[in-house]
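Could you build all of it, start to finish, from the sequences and the hints given here?
Each chain is listed here by its residues.
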Amino acid sequence: MSSEIATTIPERAARRRTRVSRRQLKALAVQLLGPLTMLTGLVWAVAQPYRIVFLDRDGKGAYDYLAQPPLLVVLVGLLFAIVIAPGLVEDLEKEEHGSAG
Amino acid sequence: MVPRAEIAHWLAASFALLLGLILLSEVIVGSSVFRQRAWRAYLWPSLALGSGVGLWAITIFSTFSTMHLVAHALWAEAAMIAGAVQIAVVRGKLQSPAWSLVTAGAWLVSGAAFLVHEPSPWLYSRAAFLHHSIGWMLIAAALFPIGEALRPRRLVWSAGFALTFVALAALLYADRDSAPIFGHFGGIVGG
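As given, the protein sequences belong to chains A and B, one line each in that order. Take the first sequence: its letters are residues 1 to 101, numbered as in this note's numbering. Take the second sequence: its letters are residues 102 to 292, numbered as in this note's numbering.
FYI, nobody ran anything at the bench for these hints, they're computed from the structure. Mixed in with the good hints, there may be bad ones.
[Said to hold, decoys possible] Quick list of simulated restraints, FRET-style, between CB atoms:
#1 B:Phe165 / A:Arg57: 48 to 56 Å
#2 A:Leu32 / B:Ser132: 18 to 26 Å
#3 B:Trp237 / A:Val46: 25 to 33 Å
#4 A:Leu39 / B:Gly131: 24 to 32 Å
#5 A:Asp56 / B:Tyr225: 21 to 29 Å
#6 A:Arg12 / B:Trp237: 46 to 54 Å
#7 B:Arg136 / A:Arg19: 16 to 24 Å
[What the hints assert, rightly or not] Reference excerpt, derived from the structure (chain B facing chain A, CB under 8 Å, subset only):
#8 Arg105
#9 Ser126
#10 Arg141
#11 Tyr143
#12 Leu256
By construction, the Cβ of each residue, glycine as well, lies at the ideal position given by its N, Cα and C atoms.
See the structure below:
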């Protein structure tokens, strides 16, 4: 075996490991987007509870119940985490298996 | 009963936040992975087109001032044109990166509309402050699609574009119909 081949195999393995860890980081980042958004909404709700109509009902109408900003932020995060993120992570994994095979 | 302006702004903020997260996720995973599913590829252009339709609905309710009516109608047109062009880009009918200039144009029109329909100076109230901030932010953010047209596929353009929506959402969520720039009128006008 030539020394050229012997040195390229570990290099290839290292490159593959880097690619895999980069994809894992990407998947983690996508998975974190939803929960971080929800956390932001919860922190906002704690910081400004008067923006939650359920906690401060005086003189509030139907639209106030529909649009409570901190809860809307939580809802958007939830929607992203349930509808968008799982498919993206799945496709990232598929690409990883595709390039490995 | 017509909803208060701040409620329409909060709902629009949620729409902008969702768009921002979607675009940010595309930046993270890359367009090749993001566009593996057709519905995802068409999501951003359809939402832009849909937001144009929604803006027409708001235009109908904005008859209290000619300037508001014209401004919302302009946004509606700009959003629909940008959405339609992006659909053609995703379908492969339009391939030149220069088509990003249409999105830049939509940002510029939207930013200018925000600025011209706000009659009060910056520090008059929170709503005035936010209208000025959003207007200038959108005009500055037009640089991202312009950059994409001139030097395509650079991360800074797509990340900047996505984060503009997140910043837009934050500013819209902060809107109140009647409030000082910081703080709230506790118990007087609902905080």
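Is 25 to 33 Å respected by the C-beta to C-beta distance linking Trp237 (chain B) and Val46 (chain A)? holds, 31 Å
Starting from the range 16 to 24 Å, see whether the pair Arg136 (chain B) and Arg19 (chain A) falls in it by beta-carbon distance. Holds - the Cβ-Cβ distance for Arg136 (chain B) and Arg19 (chain A), about 20 Å, lies within 16 to 24 Å.
Distance restraint hint 24 to 32 Å, applied to the beta-carbon atoms of Leu39 (chain A) and Gly131 (chain B): About 26 Å separates the Cβ atoms of Leu39 (chain A) and Gly131 (chain B), which means 24 to 32 Å holds.
So, Tyr143 (chain B) near chain A? Judge it on the closest CB pair being under 8 Å. violated, 13 Å
Starting from the hint 46 to 54 Å, judge whether the C-beta atoms of Arg12 (chain A) and Trp237 (chain B) obey it. holds, 50 Å
Quick check on a hinted range of 48 to 56 Å for Phe165 (chain B) and Arg57 (chain A), using CB atoms only. violated, 28 Å
Can Arg141 (chain B) be said to touch chain A, with a Cβ gap under 8 Å? holds, 7 Å
Falls inside 21 to 29 Å, the C-beta gap from Asp56 (chain A) to Tyr225 (chain B)? holds, 27 Å
Close enough to count: is the Cβ of Ser126 (chain B) nearer than 8 Å to one in chain A? Because about 5 Å separates Ser126 (chain B) from the closest Cβ in chain A, which is inside the 8 Å limit, the hint holds.
Does the Cβ-Cβ separation between Leu32 (chain A) and Ser132 (chain B) fall within 18 to 26 Å? Since Leu32 (chain A) and Ser132 (chain B) have Cβ atoms about 20 Å apart, the given range 18 to 26 Å holds.
Hint check: is the beta carbon of Arg105 (chain B) less than 8 Å from a beta carbon of chain A? holds, 7 Å
Should the hint that Leu256 (chain B) touches chain A count as held when the rule is a Cβ pair under 8 Å? violated, 13 Å
Checked against the numbered hints above, the structure breaks hints 1, 11 and 12 and satisfies the rest.
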